[in-house]
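Q: Place chains B and C on chain A using the hints.
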Amino acid sequence: MKTRRSPLTGLAAVLVFVFLYAPLAVVLVFSFNVARHGTMWEGFTVDWYLRLLDNQAALAAAFNTLQLACTSTLFATCLGTALAYGMSRYEFPGKRLFHHVLHIPVFIPDIVLAVALLLFFALVRKFLAGFELGMTTMTLAHITLQIPFIAIVVRARMADCDPQLEEAAADLGAGPWLTFRHVTLPLMMPGIVAGSLLAFTLSLDDFVVSFFTTGPGATTLPILIYSSVKRGITPEIHALASLILVVSAATVVTVAFLRGRTEVKR
Amino acid sequence: MTVPSSTTFWFILPCRFTKTNPLQPAETNAADGSLVVECQQLTRRFGQFEALAGVSLNIRRGEFFSLLGPSGCGKTTLLRIIAGLDLPDTGELRIGGLPALHLPAWKRPVNTVFQNYALFPHLSVSENIAFGLRMKRLPSADIVRRTTSVMELTQILPLAGRHPHELSGGQKQRVALARALVNEPAVLLLDEPMGALDAKLRKELQLELRQLQRRLGITFVHVTHDQDEALAMSDRVAVMNAGRIVQLGTPDELYDRPKTSFVAEFIGVCNLFEGNLIRRTKQLLETETPLGRLRIELPATTIELSERSRLRLGVRPERIAMDGGQPGDNRLLGIVQSISSSGPETIAQVRVGDTLLRVTELNMGRRSVALHAGDSVELTISPGNFFLLED
Amino acid sequence: MTSAPTESTKVKNRRPRQAVHFGEPLPLGAHLCRASWLCGPSVTWMMLFLVGPLLFVVAMSFAQRGDDGEIVWRFTTENYARLFGQGALGFDPVQPLILARSLGVGLLTAILCLLAGLPVAFFIAGLPHRWKGAALTLVVIPFWTNLLVRTYGWQLILAPDGWIARGLRTANWLAADGELYPGWPAVLIALVCDYLPFMILPLYTSVEKLDPALEEAAADLGASPLRAFWSVVLPQIRPGLIAGCVLVFLPASGQFVIPDLLGGAKLALLGNAVQQQFGASRDWPYGSAIAVVALLVMGAGLWLHTRVTRGRREVALP
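Residue numbers (our numbering), protein chains in the order written: chain A, 1 to 266; chain B, 1001 to 1391; chain C, 2001 to 2318.
In isolation and in its complexed conformation, chain A is listed as follows (with noise of 0.2 Å):
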C-alpha cells in the first residue's frame, strides 16, 4: 500500500494522533503547574507530587489499587493461562460455546456486569452471613474480568506456533512433562507476559466495576479520582492521575516491545 500517501492522509492522521493524546497530554501538563484553580498556566512545580506523599486516603487508595491489581492478575493469569491451554490442545463439549461466552467481558458494557456481579454478591450475602463488599469482592470481579483477556492473548500465541514443535519434542526423547517445560512453557510464555500486563493495566484502571462491587473503606484509585472529579479536581488529582497513566502507557509499551521481540522470531 504504498501508493496511498497522499500528504493529505498524513495530515489528518496526524490531528487524530494529537486528538487521542490530548486528554493525557493536558492532565500530564496541569499535574506540573502552580495554579490551583483555572486553566492557566502559571509556573512550572512538582509540588502537587510532593503533596501526595502526605495525603492519607490517596496513598491508602493507591495501596489498594495495587493489592488488588497484584492479587486479581496472579490468580487470572493461573487460571487464565491453564485455561487457555487447555482450549488449544483438548476437546470438551461445549468448548465452542464456552469460547463466545469468553468473549462476553470484552464486548459488554462494564456497566452490565458490574450491576450482574453487584446482584449476586448481594445474593450470596443473603445466605452468607459475614460476607461483606469489598476487597474481596472487587477482587473476584477482577479475576472474572480479566481471566478473558488473558486466555485470549495467550490463546493468540499459541496458535501463532507450529504444532510440530511439541511433536518435535516428543520426537527427540522428551515426555509430556519435558516437552510442556522445556517447550510449550517457553513459546507460551511472552503471551503469558502480555496477557498478565494487559490484565494487570485493566485491573489499575477500571473504575465501573470496582464501583460497583466495592464496600465501604475500600476505596482505590480510580475510585478516589472519580469522587474527587464530582466534588471539584484539585492539582494532586491530575498528578495522581499522571502517575497511573505513566505506569499504563509503561505496560502497554512494555507488552509491545515484547509481542515485536517475539514476532520477529518466527
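Treat the hints with care, as some may be off.
Pulled from the structure, derived: some chain C residues nowhere near chain A, Cβ distances all over 10 Å [unchecked claim]:
1) 2034
2) 2039
3) 2057
4) 2065
5) 2101
6) 2104
7) 2230
8) 2270
To give a feel for the contact side, a few chain A residues facing chain B, derived at Cβ under 7 Å [claimed, not checked]:
9) 168
10) 171
11) 172
12) 174
13) 185
14) 186
I should point out that these hints are in silico values taken from the structure, not numbers from a laboratory.
We treat Cβ as the ideally placed atom computed from N, Cα and C, and that holds for glycine.
A: Positioned in the frame of chain A, the structure of chains B and C alone reads:
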C-alpha cells in the same frame, strides 16, 4: 558419529556401513536381524480418507530407503507412524525386531527431520542440537562433546550461537539434521527434508546427505515426492499411491522395469502403448503394436507374467535412438513433429503411424545434419529396452 | 524376536484405542480428563461469576420492586413495558428516549470514528514495515490508560473558560453563553476519542490486505479517485469497516462514565439509567430490565460481528 555412544539404547549401532545387496529379493525372513523397521498390514483412516490401505514394508539396517509418491499417497502418514507421532488403525510395527506400537514417540530409537524443520525458536542452534541429549539427562561434558562433533560433521559449527530465525533455509535443514543425528538413532526419518529449498541447493544437499549416510551407516527413511531426489539418493525406493505400495525396488529396477503405468509415468518420462502378442520364443516376444511389429526381449524374472495376448508396453525416450542403432534393433520410420533443445539434450516428438513418440538424445556434438520439424527419421529401439506393464 | 501371527494379533487387540496428540499417545477418553483439570477451574469460575450473575439479572428483570425498594419475586413484564414507554398515565416518552438516545449516540460515535479512523488506517498501512508496529502501539496506548483520567482531561480542555471554548466564542461559532461541556459535543468528542482504537485496528487489518493494483486499474480505466474509493476500495475493506463499527457502537452505547462526567444530568444513556436504578432510585428489577436490553443489543451486534469476521482471524485486541 565418531564418538562412542554412551546412551543406554537397547539396540546396537553398526559401526561401519554395510551395504546390503540391493538385488537381493525384497521378501526377507522377518526374523532376519538385519531388518530395522518392519511394517505389517498397516492401515490408517482419517474419516472417509484412507491414508494407508494395508502397507507391509521391511527396511534393512543401514540402507537409504525412500518413500516416493504424490501428495496424499500416505507416505508422510507412514513416516509419522514409524516415528510414533501417529498410530495405525490396524497392523503391526517392529523397530529393531521388537514391537514398537506401544512405545510413545519419546521412547522410540528413531529421530525425525521435519519438513519445516520444527526448530525450537527459543533455543540457539547448539541448544536445539543438545535438546535430545539433555532430555536423556546425559552428563553435560558428553552433551558438549557430541553436539560439537555433530556440528562439525554437518558444517554448522560457526552457527552454534545463532537462533533459528537468523538462519537460511539450507542452514535450518542442517541444524534439523544435526539435531536428529546427535541422538544416534537406529533409524533417521526425513520428511521431505528439501521441500523448502531451491533446486540448486537441493542437488548439493542430496549428494551431501547421501555421503553422510554412507559414512555413519545409520538407516535413513526418506519421504519425498521428487522422483529425481529419490532415485539419486536411495538404495531402495517404495513408490506409493493411494495408501498402497505399488512397487518397491532399487532405483534402476524402478526406472528400467516399472510394473505399472503409474510407476512408469511417475518416475521419469515414458512412451506407453498397447500391443498384441503374436509369437513368443523363450524371452523374445513378437508383438503387433500401433508402431508396427516389434520384437521385445524380457528379462527372465518377468517371463511368467506375459501369458496374455494383450500387452501394455513402454519405452523410455532416451532408449530410442535416432542415429542408426545396432543390427537386430527394431526399426521404425517416423516424421519429426517438433524439436527442441534443453541444453544437454535434444527432445523430439516423432510421429510413427498415429502414435506420437517422445525421443531424447544427448547433445554429444556428433550429429552433422540438424533435424527439423517435418523431416523423416529412422528410429531404432533395442528389443531389451522395452518394459512390460502389469496393468 | 519372532512371533507367531496369533501372538501379534493378540498384542494388537490388547492395545487400547488411542490417538497421538501433539506427540503424546492419549486414550480417547483422556482429552476430557485433561481438559477438565486445565479448563475446569476457569470454566467454573466464569459460570459462577459471569453467566450465573447475568442469568440472575435476566430473572430479576421480571421481578417487581417493593415499596421500600426491596425485591418482590412475582413475575411481571412491567419493567420492559415501562422501558418501551408504557407509563402509569399512558405513553411516557422519557424512558424510550433513553434507549433511542443511546443507540443514536452509539451510531453517531461509530460514524465519527469511521471518518477519523480511515485516514489513520491508510496512513499506518502506508508506513514502512518497521514503523507499523510502533504506530499501532501509539494507537492502542490511550485505550489502555485510565478512562476516567481521559474523560476529565476532556473536561479540562473543553472547560467553559478553556482556550477552545473561548476561541470558538471569538470566532462566533459558539454562542456567548454556549458551552461545550457539559453537553453533547463533549460527550461525543470523548466517546470518539475513547473508542477510536476499536475502529482503527480492524480497519487497518482490512486496508493492509488491500490490493493496490485494483485501485490503479480503476484509475487506469478512468475512475476518479473518489469513485475508485467508493466502488473499488470500500467493498474490499467492508469486513474491517463493519467489524470496527460494531466494536465502537457496542461499548459506546452502553457507556456510563463519559455521559456521567461530561453530559450533565439531562443526557442519560442506558448506562446512566442502569446506574440510576441501582443507585439512587433503588429499583433493581427495572435496572435489570435496562441491563438486559443493553445485553440484547450487544448480542445482536456480536452476532453481526461474527457473521462478518467469520473465517478470518479474529480482530485481536491490542
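Q: Now tell me, hint by hint, if it's right for this structure.
A: Here's how the hints hold up against the structure:
{"no.": "1", "hint": "2034", "verdict": "violated (5 Å)"}
{"no.": "2", "hint": "2039", "verdict": "violated (4 Å)"}
{"no.": "3", "hint": "2057", "verdict": "violated (5 Å)"}
{"no.": "4", "hint": "2065", "verdict": "holds (14 Å)"}
{"no.": "5", "hint": "2101", "verdict": "holds (15 Å)"}
{"no.": "6", "hint": "2104", "verdict": "holds (16 Å)"}
{"no.": "7", "hint": "2230", "verdict": "holds (15 Å)"}
{"no.": "8", "hint": "2270", "verdict": "violated (7 Å)"}
{"no.": "9", "hint": "168", "verdict": "holds (4 Å)"}
{"no.": "10", "hint": "171", "verdict": "holds (5 Å)"}
{"no.": "11", "hint": "172", "verdict": "holds (4 Å)"}
{"no.": "12", "hint": "174", "verdict": "holds (4 Å)"}
{"no.": "13", "hint": "185", "verdict": "violated (10 Å)"}
{"no.": "14", "hint": "186", "verdict": "holds (5 Å)"}
When each numbered hint is compared with the structure, violations occur for hints 1, 2, 3, 8, 13.
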